[in-house]
Amino acid sequence: MASRFIYLDHAATTPVDPRVVEAMLPYFEEKFGNPSSIHRAGGEARAAVEKARQTVAELLGAKPSEIIFTSCGTESDNLALRGVAFALKGRGNHIITTPIEHHAIGHTCEQLAKEFGMEITYLPVDSFGLVDPDDVARAITERTVLISIMYANNEVGTIEPIAEIGKIAREKGILFHTDAVQAGGHLPLNVDKLHVDLLSLSGHKFYAPKGVGILYVREGTPLLPIQTGGGQERHLRAGTENVPYIVGLAKALQLAYEEMESEVARLRSLRDRLIQGVLERIPDAQLTGHPTQRLPNNASFVFKGIDGEAILMQLDLAGVAASTGSACSSGESTPSHVLLAMGIDPLLARSSLRLTLGRRNTSEDVEFVLAILPQIVEKLRAISPAYT
Amino acid sequence: MASRFIYLDHAATTPVDPRVVEAMLPYFEEKFGNPSSIHRAGGEARAAVEKARQTVAELLGAKPSEIIFTSCGTESDNLALRGVAFALKGRGNHIITTPIEHHAIGHTCEQLAKEFGMEITYLPVDSFGLVDPDDVARAITERTVLISIMYANNEVGTIEPIAEIGKIAREKGILFHTDAVQAGGHLPLNVDKLHVDLLSLSGHKFYAPKGVGILYVREGTPLLPIQTGGGQERHLRAGTENVPYIVGLAKALQLAYEEMESEVARLRSLRDRLIQGVLERIPDAQLTGHPTQRLPNNASFVFKGIDGEAILMQLDLAGVAASTGSACSSGESTPSHVLLAMGIDPLLARSSLRLTLGRRNTSEDVEFVLAILPQIVEKLRAISPAYT
Amino acid sequence: MYSNIVIEHFTNPRNVGVIEDADGYGKVESSVCGDMMELYIKVRDGKIVDVKYRTFGCAAAIASSSIASEMIKGQPIEVVAELSDEKITEALGGLPEAKIHCSILAASALRAALEDYFSKHPEERPEDF
Amino acid sequence: MYSNIVIEHFTNPRNVGVIEDADGYGKVESSVCGDMMELYIKVRDGKIVDVKYRTFGCAAAIASSSIASEMIKGQPIEVVAELSDEKITEALGGLPEAKIHCSILAASALRAALEDYFSKHPEERPEDF
Ligand SMILES: Cc1ncc(COP(=O)(O)O)c(C=O)c1O
Ligand SMILES: Cc1ncc(COP(=O)(O)O)c(C=O)c1O
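Chains as they are written, first to last, in this note's numbering: chain A, 1 to 388; chain B, 389 to 776; chain C, 777 to 905; chain D, 906 to 1034.
It is worth saying that the hints were derived from the structure and are not from the lab.
Predicted model, so just to flag it, every value in this text is computed and none were measured.
Glycine included, every Cβ here is placed at the ideal spot set by N, Cα and C.
Be aware that a few hints might be false.
[As the list claims (entries may be wrong)] Straight-line Cα separation of at most 30 Å, BS3-like style, residue types lysine-lysine; simulated pairs: (1) Lys767(B) with Lys818(C); (2) Lys896(C) with Lys767(B); (3) Lys167(A) with Lys193(A); (4) Lys849(C) with Lys767(B); (5) Lys114(A) with Lys172(A); (6) Lys304(A) with Lys932(D); (7) Lys863(C) with Lys767(B); (8) Lys932(D) with Lys1025(D); (9) Lys992(D) with Lys379(A); (10) Lys932(D) with Lys978(D); (11) Lys63(A) with Lys167(A); (12) Lys114(A) with Lys477(B); (13) Lys439(B) with Lys581(B); (14) Lys502(B) with Lys89(A); (15) Lys1025(D) with Lys379(A); (16) Lys439(B) with Lys451(B); (17) Lys863(C) with Lys849(C); (18) Lys439(B) with Lys560(B); (19) Lys803(C) with Lys896(C); (20) Lys992(D) with Lys451(B); (21) Lys379(A) with Lys978(D); (22) Lys89(A) with Lys1025(D); (23) Lys439(B) with Lys1025(D); (24) Lys803(C) with Lys692(B).
[Said to hold, decoys possible] Per the computed footprint, the stretches of chain C lying under chain B, defined by three or more beta-carbons under 8 Å from a beta-carbon of chain B, are: (25) 783–791; (26) 802–811.
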C-alpha cells in the first residue's frame, strides 16, 4: 500500500480544521450543560449556541432567529421540503426542482410524491447541467408551493443561477429553497442577494464535523416541524442541541469566509491546472459540468470505455482518494442521475471521475495525479472491450 | 457567585466521559473519511461505524442490522412514531401511549393527530406514574398500529413495566416502541427480554455527546424513513454518518454496561440518602414518582407553597445545578404534564424539584444539598402567600 | 438568563411581609402560570410610607415585587399610580421574554392595592386612574 | 471493502487479451450495471490450454475475470464446465454483496465461451451442460 495520501474528495467530506476542534473541545467535558437548563451550566451552553447563531446569521446576512441548526445537510433539505409541503398542503401540492439535485432532495421529492400526494416537476438542464430560469417561470402553476434548486452541483460542480431564479420566485410569490451544501465555503451566501427563503448548509463540507447543518428560514416562511419534541430551535427542530458541533460549525464558517477570497483563487488555479493537464494528457477525456461556472475545487471527467470505480480503485492504491461522483451513491452501480440528465450516454456516464480539491492540497498533489492518471486510464482501457 | 459546582441534573444531560472524548478524537482530523466513500479513507470510517454498530447490537442483544444511528433521542422517537404511522397508514391510524411521555413522543403524537389523522389514546397512570398493563390490553383496537410507552420517566424516574406490556403487544401482534432514553446506562436494555420492536436511546444521557442517538428497529418492522437522501443506515436514516459521535456513543454505552452494577448500587444509595434527608428535614416535602420502582439516580419532590424555579435558582446561586422537571420545559411556566397526569394539584406541581445524580457525585455533594435545601425552602415559604 | 439586579433582589428581597393595618391591600394571581402576589401599602400625607408584600413565584416574580416595593416606598401617591410594568422591567435591567408577565403581575398587585386605597379615599384618586 | 486477493488480481490481471483463432468465444453484458466481459478459450485434448479476456467494469469485475482465467487454464474441460460464480467469489476471498454480480458475470462469460465451443464440438459436451 502506498504511504502517500493525497485526498481529492473534499466534495464528499473534509477533515475537521484543528481550529474548529479546538473551539469545540471545551464543550464536551467542561461546559457540558444542556442549553435548555436554567442553571448556570445550562446558561453557558445556551450562550455558546446563541453566539454561534449570531455568527452564522451575520455571515449569511440573516437574522439570528432565521438560523436553525440541524443534524446535517440532509436534514436541512428534508425540513425545507417536507416542512413547506406539509405546512402548505391546504394551498397546493406542486414542487418544482431539477433532476440533478442531491438524493436528499431527489429522494425526498419521490417520497412526497409517492406517499403524500405531491406533484413534482423536474426542470430540464442543459449539457453543462445548467437550469434555465425561464423554465422555472414557465413551470409555476397555481398549486406550486415551493421551488428547490441547488446552488452548486455536488458531482460536476456546475453553479446554478440562483439569484436570478430567486427573483422570479419572489415576483411570483413562490417560496424558494436552495441546497447550498456544496457552495458552503466556496461561494457567497447572502440570503438577500440570492433571494432565497430557505437555504441548506452542511458543516462537514467546510471543515466542521459530519453531523451538523443549517437551515436558513426567512422570517414568515410557513414550515411544519418534522422533528417534534422540546421547544428547541424556535419549535422548528426539537432535540437537545449539539453544542460542540454548533460552536464548531460557526467557527468553521467564519474561517471559511475569512479565507475565502485567497483560498478560492488558489483552488481555482489548482483546479484549472488539473483540468488542463488531464485533457491534454489523456485521449478521449471529457470535462463534465460547466467549463467556468463551476465550483473552484471541482474537476470532473468521463473517460470513455472504462469504469469510474476501477479508476478510483487504482488511484486509491496509489494513495489518491477520489470519487466517481457523489459519495452517497458510491457502491451503487447505476450511472449518475446527474450525468444522465445532462444528456451523457449511460455507458460513458459510468466512466466518471470526480477530483475535488481542498485546503491541504498543493500543486505537487496535482502534478502527481497528472503523472499517474494517464497510465491508469491507459491500462484499464487496454483490458476493456468497450474502448475502441 | 459560588465557586462550588455540584451538578445534580444528569437527567438533563451528562458531561462527556474523557474516555469517550479520547475514542472520538481520531475521527475529526485524521480518520475523517466519509463512510460512503469507497477509497481507503472512506473504508476506515465505514469500519469504525460498523464496529460501533456491532458493539451496540451486542449490548442490546440485537443484530447489527437492527441498530440505526440517529442525531438524538428526539429523532429516534420521531422516526419510531412517524415511521410506523406512515408505513402502516393503510392498516390503521391508532396509537396508544401515555400522558407522561417526553415531549418528543407527546408533541409528535399531537402533530400526527392534528395534521395526519392519527387517533391517540392516552392511558391513565396512577399516583406514582405507573401504567397498568391491563389498560394497554384494553385500549387495543382493530386500527391500532403502535404502542409507545416510555421505559423510565424523565421527571419522576418511575420505571414502567415494559417487559409485561411488551408481552401483551406481542400477543396481540401490535408493534411496541419504548423511549428508553432515561433508562440508558441505568437499566438493562435487552430487546428480547423487553419484548420491544423499537427502542430509543440518546447518547448524552450516558456520557456520550449531545447530538447522537439510537433507534433499535426489530427486523421486519415496517418503517417509512422520515429523513430521505443517500442510502445510509439501510435507507432508514439518510445523511452522512456522524462518525466521531457514533464511535463515542458505542464507547459510552460499553462503559456504562461495564460499570452498571457497581454504579447503580452507588447511585441508589446516594439517592436514598438524599430522599430520606429531604423528607426528614423539610416539612411538607413530598417525593414524586414511585418510592422503589424508580431510576437509581432520580430524587424528585414537590415542596408545597413555593415555586420550583425559585428553588432551582437559589440552589444555582449556591453552586448546585438542579431542575424543576425536564430540561426542555425549563422556562415554561406551565406545571408539568407528568405531575398533573399523576393527579397532583397544579399549584403543588409548580413546586417541583428534580435532583438527578451522576458519576462524579459523592456523598459530600448529597450532604451539602441536605444542608442548604431546608433553608432555601424555608426562606421562600416565608415570602410566599401560598404557604400556610 | 437573569440580570444581576434580578439575582440580587431575588436573593435579598426587600420589604417582605404583611402590614396588619394596611391602608391599601391588593392580591393578584397570574393566569399564565399561577404566580400569586399580595401587596400592602400604608399611606400618610399623600405618600407611601410603608409597603410590604408576599410573592409566590419564580425568581423574576420575587425580584419584580421587591424592586417595585423599593420604587414606591416614600413616593407621592400620584407618582406611584403611574408606575408601569415596563418601568419595573427596566429597573430590573430587563427580563427574559418568557418572564415579562412577572413584572406585569407586580404592577397589577400595586394597582389593586391603590384601587383599594382610592375606594376608601376617593378624594385622593388621580384623574386618570 | 475488497479482499487482498481482489486487489491483487485487479492490480495485476492475468491472461488479459484476445485470442485471434479461439476455439470458443463468449461475450456477456450485465443488465445490473452495464459491465461487459469477453472471453476466449483455446482447447487441446480436452483441456483449456489458453484463455484470454477483456473486461469493462469495476475492480471486482476485473478481478473476477482474472481469477477465473487462472482457475480454468490447464484444466480439463469437464472440470471447467462446472466452475460456478460461487467458486469464483470464494477464490477471491469473498466480494461485497453489491459486487456479487461481478463473479456471476465472469461465470456467464465462461459459460458463453464453452457454449460456443460445444456448439462446434457437440461430442465433447458434458451431459449436464
Ligand atoms: C448538494 C448536497 N446536498 C446535501 C448533502 C447532504 O449533506 P449531509 O451529508 O450533511 O447529510 C450533500 C452531501 O452529502 C450534498 O453534496
Ligand atoms: C425520556 C426522554 N425522551 C427523549 C429525550 C430527547 O432526547 P434528545 O435530547 O437526545 O433529543 C429525552 C431527553 O431530553 C428524554 O428524557
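Practice task
Starting from lysine 439(B), check that the Cα of lysine 581(B) is at most 30 Å away, please.
Solution key: holds (24 Å)
Take the C-alpha atoms of lysine 803(C) and lysine 896(C), compute the straight-line distance between them, and say whether it is at most 30 Å. holds (17 Å)
Item checked: lysine 167(A) paired with lysine 193(A) [C-alpha distance capped at 30 Å] -> holds (9 Å)
Given the hinted pair lysine 502(B) and lysine 89(A), is their Cα-Cα distance within 30 Å? holds (13 Å)
- Message: What's the verdict on lysine 439(B) and lysine 560(B), does the C-alpha distance respect the 30 Å limit or exceed it?
- Response: Since the Cα atoms of lysine 439(B) and lysine 560(B) sit roughly 35 Å apart, the hinted pair is violated (cutoff 30 Å).
Do the alpha carbons of lysine 1025(D) and lysine 379(A) lie within 30 Å of each other, as the hint requires? Roughly 34 Å separates the two Cα atoms, so the pair is violated.
* **Restraint check for lysine 863(C) with lysine 767(B), where alpha carbons must lie at most 30 Å apart** => holds (27 Å)
| message | Would the hint linking lysine 379(A) and lysine 978(D) be met if the CA-CA limit is 30 Å? | response | Measuring from Cα to Cα gives roughly 23 Å; hence the hint holds.
Note to self: Check the hint pairing lysine 63(A) with lysine 167(A) against an upper bound of 30 Å on the C-alpha distance.
What the structure shows: holds (20 Å)
Next on the checklist: Please verify whether lysine 304(A) and lysine 932(D) have alpha carbons no more than 30 Å apart.
Outcome noted: Roughly 19 Å separates the two Cα atoms, so the pair holds.
*Would you check the hint for lysine 863(C) and lysine 849(C), treating anything up to 30 Å between C-alpha atoms as holding?*
Status holds; Cα separation ~15 Å.
> Taking a Cβ-to-Cβ distance below 8 Å as contact, does the stretch 802–811 of chain C have at least three residues touching chain B?
Replying inline: holds (count 5)
Hint compliance for this structure: hints 2, 15, 18, 22, 23 are broken, all remaining hints hold.
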